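Enquirer: Sequence:
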Amino acid sequence: KESDRNERVRIVCTVDPSGESKVKTSDEWEIVLIAGALARRIKPYIKVGDRIEKGERIGHIEFGSRVDVIFPAERRIEDVLVKMGDRVRAGESILMESG
6 KESDRNERVR IVCTVDPSGE SKVKTSDEWE IVLIAGALAR RIKPYIKVGD
56 RIEKGERIGH IEFGSRVDVI FPAERRIEDV LVKMGDRVRA GESILMESG
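Read left to right, the sequence shown gives residues 6 to 104 (my numbering).
Simulated from the structure, these hints should not be mistaken for lab results. This one's a predicted model, so the numbers in the text were calculated from it and none came from an experiment. Careful, some of the hints might be misleading.
What the hints assert, rightly or not - Lysine-lysine pairs mimicking DSSO-like chemistry, simulated, CA-CA at most 30 Å apart: (1) Lys88 <-> Lys48; (2) Lys48 <-> Lys59; (3) Lys52 <-> Lys88; (4) Lys88 <-> Lys59.
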């Protein structure tokens with residue numbers, strides 16, 4: 006499909022076990038920023054090895070487009086607080102209950 010050729014940035018996040026997070030240390034999250042057909046430009050704000058905090062912005066897609074979030078396989082669907090197609094805001098929307 007057409008969107009497969011659009012620019013994308015893949016980010017894999019793991020939880021730092023020394024932090025104060027309530028998220029299980031085995032959790033690994035994948036975030037994929039996908040540029041739209043018109044914009045085709047992603048500006049990541051982070052680089053490999055950076056530590057990010059809850060609510061921190063990790064990048065910007067010019068003219069917007071789509072972000073896919075792949076939750077850890079061991080998480081329960083009941084913990085997810087958003088559904089496909091929901092509009093979320095960076096640093097504001099809570100995607101999943103921690104635990």
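Enquirer: Does each hint fit the structure? Answer for all of them.
Expert: Each hint tested on the structure:
1. Lys88 <-> Lys48: Distance ~26 Å between lysine 88 and lysine 48 Cα, so the pair holds.
2. Lys48 <-> Lys59: Distance ~19 Å between lysine 48 and lysine 59 Cα, so the pair holds.
3. Lys52 <-> Lys88: 29 Å, holds
4. Lys88 <-> Lys59: 20 Å, holds
Of the numbered hints stated above, none is contradicted by the structure.
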